[in-house]
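Just so it is clear: in the sequence shown, position 211 is 211 by the UniProt record's numbering, and no numbers are missing.
What the hints contain is simulated information worked out from the structure, not anything from laboratory work.
In this text, all values refer to a predicted model and were calculated from it rather than measured experimentally.
Any given hint might turn out to be false.
[As the list claims (entries may be wrong)] The calculated DSS-like cross-link candidates involving lysine-lysine, where the alpha carbons are at most 30 Å apart (straight line), are:
(1) Lys6 - Lys37
(2) Lys72 - Lys212
(3) Lys72 - Lys23
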Amino acid sequence: MSPIEKSSKLDNVCYDIRGPVLKEAKRLEEEGNKVLKLNIGNPAPFGFEAPDEILVDVIRNLPTAQGYCDSKGLYSARKAIMQHYQARGMRDVTVEDIYIGNGVSELIVQAMQALLNSGDEMLVPAPDYPLWTAAVSLSSGKAVHYLCDESSDWFPDLDDIRAKITPRTRGIVIINPNNPTGAVYSKALLMEIVEIARQHNLIIFADEIYDKILYDAAQHHSIAALAARPADRHL
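Could you build the full structure based on these sequences and the hints that come with them?
Shown next as structure tokens:
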């Protein structure tokens, strides 16, 4: 029987920490050691469980929760998200701008598939959260990695970003606070990135999932609140 050949689109889809690191973790577990798996977003094993109020509401609504809602997501949830971001300075956002998915991973892939044509380029930080590179590749695009150097506190190298913009560049991914480095970007740095995006008509993809996990008096600034002109484009 001939083997099933995978698509070449999977060539750049990888998650290296699940290679040798995972293998070593399994070896330690087999020896009886308890290994805390911090590489996946699973808070329950560490005691971070859903509040009772949420569980009660889920149970109460189950009998009437059969069928489809709006494809954008529940209106009440979208309205709450809108109000949250309006309070953070995004005054012009409306409930019709809000789309809810089954987690950020699904939304990243959907956004890339909807926006990239074959050969289009997306600026992605290096090091990056691997899903961004994978999603670009699966969407027939090309992930172009810009440098976030440890010697510069893991901040994006703006000159490197500028040097890697081509006529095929569609957008730039900003992960802030950054995964995996933990860097939190200053307002001044974000404004420079916004200006670069304006000059080259780029879409800003803001991955801010860790905006509440801050240490040492770090302050998070949402880039969408800084890119407030009508012509600015961000997701």
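Hints, one by one, checked against the model:
no., hint, verdict
1, Lys6 - Lys37, "29 Å, holds"
2, Lys72 - Lys212, "25 Å, holds"
3, Lys72 - Lys23, "40 Å, violated"
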